Amino acid sequence: KNEVEQSPQNLTAQEGEFITINCSYSVGISALHWLQQHPGGGIVSLFMLSSGKKKHGRLIATINIQEKHSSLHITASHPRDSAVYICAVGRIIQGAQKLVFGQGTRLTINP
Amino acid sequence: GAVVSQHPSRVICKSGTSVKIECRSLDFQATTMFWYRQFPKQSLMLMATSNEGSKATYEQGVEKDKFLINHASLTLSTLTVTSAHPEDSSFYICSARNPSIFWEQYFGPGTRLTVT
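Residue numbers (our numbering), protein chains in the order written: chain A, 537 to 647; chain B, 1098 to 1213.
A few of these clues could be false.
Said to hold, decoys possible - Stretches of chain A that chain B covers, calculated by requiring three or more beta carbons in the stretch to come under 8 Å of a beta carbon on chain B: (1) 607 to 619; (2) 627 to 639.
What the hints assert, rightly or not - Straight-line C-alpha distance at most 30 Å; calculated DSSO-like pairs for lysine-lysine: (3) A:Lys634 with B:Lys1152; (4) A:Lys591 with A:Lys634; (5) B:Lys1117 with B:Lys1163; (6) B:Lys1161 with A:Lys634; (7) A:Lys604 with A:Lys589; (8) B:Lys1138 with A:Lys604; (9) B:Lys1111 with B:Lys1163; (10) B:Lys1161 with B:Lys1117; (11) A:Lys589 with A:Lys634; (12) A:Lys634 with B:Lys1138; (13) B:Lys1163 with A:Lys634; (14) A:Lys634 with B:Lys1117; (15) B:Lys1117 with B:Lys1152; (16) B:Lys1138 with A:Lys590; (17) B:Lys1138 with B:Lys1117; (18) B:Lys1138 with B:Lys1161; (19) B:Lys1163 with B:Lys1138; (20) A:Lys604 with A:Lys634; (21) A:Lys590 with A:Lys604; (22) A:Lys604 with A:Lys591; (23) B:Lys1138 with A:Lys591; (24) A:Lys590 with A:Lys634.
FYI, nobody ran anything at the bench for these hints, they're computed from the structure.
Note that this is a predicted model, so its numbers are computed, not measured.
For glycine and all other residues, C-beta sits at the position ideal for the given N, C-alpha and C.
Based on the sequences and whatever the hints tell you, model everything.
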């Protein structure tokens, strides 16, 4: 079992729908990241969380440390939101800082 | 936000040759950079951690002699794929740690390497 599990793996929705992507992890973490990767490959960091909730524009990220779970929400989704969304957790492994990545959620928003 | 660049964005090389990929932090000094590899439809895999002025730390299973990392300045880390083979074809991404926020990393746009 992967340390970081995302669901769903693929998600297709219509423009305007409310989107939720989930991330569960099985280890203690220092921080959790939500990343966005567009078809060209470049990665944009959307959020870094260690507790609570953050909002940026139409994006909201929450984390529940006790339940080892985080969600990324997109309100009023738009075709330009189509991308792969990756959850990554920050851990100290053998004294070194490392990010452990989920497998990603491929989101497609149809007009 | 902070910007990390990579060069080249795409490279095609013949089997047996070496390829150098540069990763630069454009508006901040990065003492620590990370090199990742991504195969199609898979997530990122950490290859090595690059620390300015010292040897890189490689992940288990990553060949040090094949993937040479040099972090000679606070704004530049390079990854050289030596004696490239078709199985080295992949998407290589670097990131740089925010010097002020330990867990924050800024990612480069990636380099797509194709070995023929």
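We went through each hint and held it up to the structure:
1. 607 to 619: Coverage by chain B is violated for the region 607 to 619 of chain A (0 residues, Cβ < 8 Å).
2. 627 to 639: holds (count 7)
3. A:Lys634 with B:Lys1152: holds, 17 Å
4. A:Lys591 with A:Lys634: This hinted pair holds, its Cα atoms lying about 25 Å apart.
5. B:Lys1117 with B:Lys1163: Holds, at about 12 Å.
6. B:Lys1161 with A:Lys634: OK: Lys1161 of chain B and Lys634 of chain A at ~18 Å, within 30 Å.
7. A:Lys604 with A:Lys589: holds, 14 Å
8. B:Lys1138 with A:Lys604: holds, 25 Å
9. B:Lys1111 with B:Lys1163: Since the Cα atoms of Lys1111 of chain B and Lys1163 of chain B sit roughly 15 Å apart, the hinted pair holds (cutoff 30 Å).
10. B:Lys1161 with B:Lys1117: holds, 14 Å
11. A:Lys589 with A:Lys634: holds, 23 Å
12. A:Lys634 with B:Lys1138: holds, 21 Å
13. B:Lys1163 with A:Lys634: Satisfied, since the Cα-Cα distance of roughly 22 Å is no more than 30 Å.
14. A:Lys634 with B:Lys1117: holds, 24 Å
15. B:Lys1117 with B:Lys1152: Given pair Lys1117 of chain B, Lys1152 of chain B holds - Cα atoms ~17 Å apart, limit 30 Å.
16. B:Lys1138 with A:Lys590: holds, 28 Å
17. B:Lys1138 with B:Lys1117: holds, 24 Å
18. B:Lys1138 with B:Lys1161: holds, 25 Å
19. B:Lys1163 with B:Lys1138: holds, 24 Å
20. A:Lys604 with A:Lys634: Satisfied, since the Cα-Cα distance of roughly 18 Å is no more than 30 Å.
21. A:Lys590 with A:Lys604: Within the cut-off at roughly 17 Å; holds.
22. A:Lys604 with A:Lys591: holds, 20 Å
23. B:Lys1138 with A:Lys591: holds, 28 Å
24. A:Lys590 with A:Lys634: Distance ~22 Å between Lys590 of chain A and Lys634 of chain A Cα, so the pair holds.
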